[in-house]
Amino acid sequence: MEGFLSDELCRNPHRLAHCGKITFFNRKRASATNDGERSELLFCSFSFERGDNAFLKAADGAAVISRRRSAHVDIVKCKCVTDVRKRVTTACILVTRTSEKGHSFQYSLLTLSSSNKLEPCIEFKLPYQMKDNVSILQGPTVLWTHDNTVFYTSLKAGGVKQIPIQLSHIVVSELPLHKGQIFVLGLPNVSEKSLNDQLTSQTVGCFVENGLVFDGSLVLPHPYICITQCLFVLAADSEDGVLTCTVVAATSKQQLVYFENGAVKDVCQLPFEQPENIQVVDAGRNGCLFVVSFHQGHVCAVWKETFQIASLWSDVSSVHVDDFLGCGTEQILLVFKDQGAAGQPLEKFLITDLCGISYSRGQGTEASKTSSPPAENYLLTVQALESRLQSGLIVLQELQREGRVKDRVLQQTVGALTDVVSGRETVLSQHEQEGLTALWDCDDESKDEALDDKMQHAPTVSSKPQIDKLWHRITEDQMIVGVILSSDSSRPVSGVSLSILTETGQSSTPAVIQTRSQVFWLPAPCPSSSSSASSFPEPAAKRSKQHNASRPNDLNTCRLAVTAVTKLTPLLNSDCVKCSVMLHYVQRQDAFGLVSDPAPVVLHCGQVVLDINDDFQSQLLKNPQLRTDEVREDLLSLLAVLDRWVLHIDSPDYSLGDIDGWIQKRVGCKKIEVNPEYLLLNSSGPSAVMLLRWHQSTPFQGKLSVHSSQLQMLQFLDSLLAYLPASCSVRPVKGARGESTAQMFALALENEVVSLREGVSLLLCEEDEEEAKKKSTGHEETPGSAEGLLRCREVWQRDVERTRMRLSPLVDAVRYRRLIQSMTKVQLEGDLAALLNTQGTLLS
Amino acid sequence: MAPPLSLLDTWVQENNELVNKCKQKGEQDAVSRDCSQPPLKWFSFEFHKLLRKIQGIPPNADHTQLELAVVFNAGVCSAAQSQVSEAELFLAQATERVLQMTGGDAGASDPLVRWRTVLNSVGDTALHPSVLYLLCLQWAIWLATCQLKTIQEFQEMSALFDTLCGGIGDGSVSEARPKSSNIPLLVMDPRRLIELLQICTSIALGAERLNEGRSSEALSSLQAASALPAPRALVAYTHLLSGSCLTHMRRPQMALQCYRKALETDSRCVCALYQSMLIYRQLGNTQAEIQALRLLHSTLMLPSAIEPALGSTHLLSPSLLLRSQSLSSLLSVPSALTVLHSLALKCVLYGRVSEGVEHYLDLLAVVHSEDQQGLHTEDATLPKLPELYLEAGAALLMARRPADCLALCNEVNSTTLELLPEKVVLEEPEERREAETRDMEGENSLAMVLWTAAAYLLQGHCHSHLKDWKQAVTHYTRCINLLVKVRFKKRDFQPQIPGADMDVKRGKDLCVLERLKGLSLAGRGICFIQIDKLKEALRDLQLGLQTFPECVGAGLWCGEVLWRLRRRREAAACWEKTWSLTTQSLDKSLPVYLQEPQSGPLLDSTELRHRIQELGPT
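Sequence lines, in order, name chains A and B. As numbered in the numbering used here, residues 1 to 844 make up the first sequence, in order. As numbered in the numbering used here, residues 1 to 618 make up the second sequence, in order.
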């Protein structure tokens, strides 16, 4: 009997751990000779004896399942679950009896009572046979799937019931709530999918007992439902109908995934495929372990804390978790596959909690391959050590720095002391003095420069600049009049501007129209500009010298374009069609001319006839490849109309690369053939024209001129910044238009205030001085006599008079006139600056 | 409670948080070495963890962009820690999953074929840039593992990246900006990575070609690369390598221009300074060479020179990508001490004795302090310590500081005296190969003997400089006594003066030995003249001339002795013979302490000529 039992048990391992014991179940086929025709279910419990290091039999028993001979009895599954009525955990075993014909299947769930008796609990009949997907859950409840439908039965349900919704990819588990709730997760079926699109990417959950449907993604996110092989709910809470839970799932992607409320918290790569079951071991103080058993007898234990693999085993026939030692914490019992045919059922086993407890029998050292502690543990330790080391280093560095500072202070002190002793001045103060003197020098220089400037405005009547061409353009509501001059003489002209005079038919006095003038230097007709790009770059020093040298040459020999921009509307209102164009300039004799009072020269350039019906389509915008004079004029007009920003781009530690190429790659960018330095960016419409000029001085620095509206410039800059290296700095060059007018205005106002104050105080001071002179002529009197007293009174009265006079003083008329004159000059300058400023702000 | 975010959103968030942290770390690293930030290892681990999560579910078209971004991030972090194989594994997994999703054929094992398949299978979809980013990483790995051939084979790569780069910054990005919270970020701007890869590839290829002797080809590609956007140090490298190419093409002046450009670009590019120094040396421009050496030394002494010049980017740094042997040999610069030594030596050899002495003293001070701190590492390019002492001593004597020279020589003698062997045998090279270990010992003991002898010689020179003839004779005698202990040995164990077909090293030892002997004999002879022991003087001077015929002093003084001994014709002949010798100032191949002393008693050649004239024709 004994031998037979164990033999059978070994072949069909239906084992479960229960109350610190391991129980084997087996059916016994009725033999014809023996007790008639009945099938029996045998069970046998073993408990572990530490002394013997072996499992000894604790109890056994049997129950009759069927008395009919032809019935075929099978054990479907056994498991320990909570009996809701008795509120204890009991071992349950599901057996099936097949009728002779095989049409109907009789299932019965038996429980093993505390008195070691098998008692029938639920019985039901099915027209089909359950497959592997059967679970025994709390209640006890038996749950299985058939044709994508979930069926269940329990004592409470009273018969076989069905889950109301159709699901595919079903995962079954239970929540560890005090009531205990079994749920089913799955994807809605195809038919429903098409009906309700909202659910397609959602997992659906359903409580078995009440049929309530909930959002399954709270437990398991959508993509995981298809690949989850087994699921274990660690903790769950249901407050106000909102479910929160932590779940561990083993997937077919060889991962153990830890979910918190449907979010993936941690992942552990599993070493084997096809996980079958997850169990949790509570090893007390030592933490928790997940034991995952796999197909073909592989087992893997994972620490809950670190989510790292703790140990691996192979050739395991079953894994059980219980307190086999009776020590208060749980252990893993691994029953290994027994190669030897005969003998005890528990010949080879291992009881361990991986934290010190380890009992094994019948296995060599090779059977248990405890993996080395994971690298992560080392990593954490090393991290901790590293941070300690680093903090130590910081302290050390600080100390060293302090030491260095002290040393330096000491050195300086000693140096100063020796200097004092030897009567020398210390080096430190000398530096400061140098700084001070340098500042003074600077001021002097600027004064000198100002003087120079004045001197340079020397007029000469000789050699008028020759006017090559006069043209005009109209863009939107502005008119641009331009003149190209060639000053043949070596004498430079300065202060060049254009003004436009209306020439109305009736009145004889022409009116001056407000204009904005600009001067451009045109390159000399000789084709020298293109030769600068050589294949093998010459040294930077040489090149920059040449560049500097080329400038003054240009000024003297090259042609000059002067443009004036004005609003079109006033011209049209006044019914004017003809305008005279006047050129103003100041010609200097030499760099150091002697004549101090520059007289402006006015030159009549010609007349411009406005015709609104003229076609002012810009050739440049149509075809920048053209090289005609018209296109050059178009370019000049554009430059005159558009606002200009000059930006200095500096990238200290990353070279800029090919910015020109980048600009040219942008949509709608074309090179202007007339002046290849400029790039035309004409992305959308004529109002959004943009002229760009990039001049790279070193691989790390360059200057970008942008001619466009402010918004466009900012947009362009934004995209440029994405291209430029992160450490790059972009700043506007001083003296670009927008900045300077405001600055000029501010300076003019300041100047006005200062000169007013100084002028008035000077006036009054001089007045006072005269008073003082007068006063000094009178000699001191002493109030000794009556006459003296009288004199004193006179003096006193004069004093009173003078204080009264001080409040509303009388000043010399000539001097006052002079003051007013100078003040008017200053105010005129201020007005001019204000005008320029308002124009600038209006236009930008 | 807010509805839980979808998996995709949470993962994107997780990725972006990590990326932002990583970028913050990069910025803080740049500003100050803040240690509170988690190390790169941590980021690598976290990205890997996230990747495991993402790859834990089946390939999904919605998730692929995120997945590829995380693969890129994890790969960059791994590669930044030089864990190239890990990064490659990520790439292999990613390509496999992309192919799974697009239904491509995943059979190819050759990386080139695999990448082409992936690119084809992705086509022009939104995933195309993501796959290109991964290809960038692959490129970086190829570069880091010096697989330049593979990079060159992948011709279409550069075209692909041009399109990728072109797409950035022309408005296409700004359209996508509003949704930025949903876009997985990358730890490294792919465009910067591409720029870095392009210039690093150019530099590595240039170095490789230069090593293979294809200088002109390398030069053109390096010149093109110098215009690429890149960190300052790398631009400097392109100029530097161009200079090396030009040096190989025998255009030293143009090479000098390139080196100067490299220095102008990056002042920390000490290698350019070193190479210029070598060119000046090659051109024989000693003053410029000394100047360059001085600059090089002061640059190497700057604290910034210790820091690696390429540590600017905190993730994939150029130093990680430029690992080829040929490049590092081109970029190698001798240590500050070696530079200081050659500076000192050059100064002494080219007439800047006092300057040279100062450099020697600095050098000895540094070596001494390093020795005391136990830091002294054997610098193969620096001569042995006793030799340094002897060179410094010789320099001091030249600078007319005999007392200091005596002190240094005493130092040498005190260290070597105990180690002096009783007898040294100078063997022939055939013998040496048979007994390597014994020979090492023999070599050492020979060196000891030569050093001690040189020290005695210098001491003799010092004393004769101080006109302490007795002491001088003592020291010269010690030197001679020591030198006669060395015996030559031929194969048949018969002492014999070896022929000229000796190998260089042994030949040099022999030469040193001969010279020491000749100089010490001559020195002693001169001393004997001063104390009027003319016979002894004549003997020593003649012996000295025998072993070292080129010795000018010995020749002149020998004549003087003969003159005093009334053998005037012989004396005249002796002088004539000496003058007929090529008047070499200093022999550069021999140590400076083996040069003929310029101090001590001197004879005036014009006066001698007068005497000959007075003597009249024979």
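It is worth saying that the hints were derived from the structure and are not from the lab. Any given hint could turn out to be false.
As the list claims (entries may be wrong) - Which chain A residues face chain B? A few, computed with CB under 7 Å, are given here: (1) Lys28; (2) Val160; (3) Ser252; (4) Tyr258; (5) Ala263; (6) Val267.
Unchecked claim - With a straight-line cut-off of 16 Å between C-alpha atoms, the simulated EDC-like cross-links for lysine to aspartate or glutamate are: (7) Lys21(A) to Glu49(A); (8) Lys665(A) to Glu46(B); (9) Lys265(A) to Glu305(A); (10) Lys41(B) to Glu386(A); (11) Lys304(A) to Asp282(A); (12) Lys49(B) to Glu386(A); (13) Lys265(A) to Asp162(B); (14) Lys131(A) to Glu40(A); (15) Lys86(A) to Glu119(A); (16) Lys265(A) to Asp189(B); (17) Lys21(B) to Asp189(B); (18) Lys253(A) to Glu96(B).
Unchecked claim - Some chain B residues near chain A, calculated using beta-carbon distances under 7 Å: (19) Leu7; (20) His48; (21) Arg52; (22) Gly56; (23) Ile57; (24) Leu228; (25) Ala230; (26) Pro231; (27) Val235; (28) Arg251; (29) Arg323; (30) Ala399.
These figures come from a predicted structure and were not determined experimentally. Every residue gets a Cβ at the ideal spot worked out from N, C-alpha and C, and that includes glycine.
So, going through the hints one by one against the coordinates:
no. : hint                   : in the structure
1   : Lys28                  : 45 Å, violated
2   : Val160                 : 35 Å, violated
3   : Ser252                 : 9 Å, violated
4   : Tyr258                 : 10 Å, violated
5   : Ala263                 : 6 Å, holds
6   : Val267                 : 5 Å, holds
7   : Lys21(A) to Glu49(A)   : 11 Å, holds
8   : Lys665(A) to Glu46(B)  : 39 Å, violated
9   : Lys265(A) to Glu305(A) : 12 Å, holds
10  : Lys41(B) to Glu386(A)  : 12 Å, holds
11  : Lys304(A) to Asp282(A) : 10 Å, holds
12  : Lys49(B) to Glu386(A)  : 22 Å, violated
13  : Lys265(A) to Asp162(B) : 40 Å, violated
14  : Lys131(A) to Glu40(A)  : 23 Å, violated
15  : Lys86(A) to Glu119(A)  : 14 Å, holds
16  : Lys265(A) to Asp189(B) : 28 Å, violated
17  : Lys21(B) to Asp189(B)  : 15 Å, holds
18  : Lys253(A) to Glu96(B)  : 14 Å, holds
19  : Leu7                   : 5 Å, holds
20  : His48                  : 10 Å, violated
21  : Arg52                  : 5 Å, holds
22  : Gly56                  : 4 Å, holds
23  : Ile57                  : 4 Å, holds
24  : Leu228                 : 6 Å, holds
25  : Ala230                 : 5 Å, holds
26  : Pro231                 : 5 Å, holds
27  : Val235                 : 5 Å, holds
28  : Arg251                 : 11 Å, violated
29  : Arg323                 : 22 Å, violated
30  : Ala399                 : 29 Å, violated
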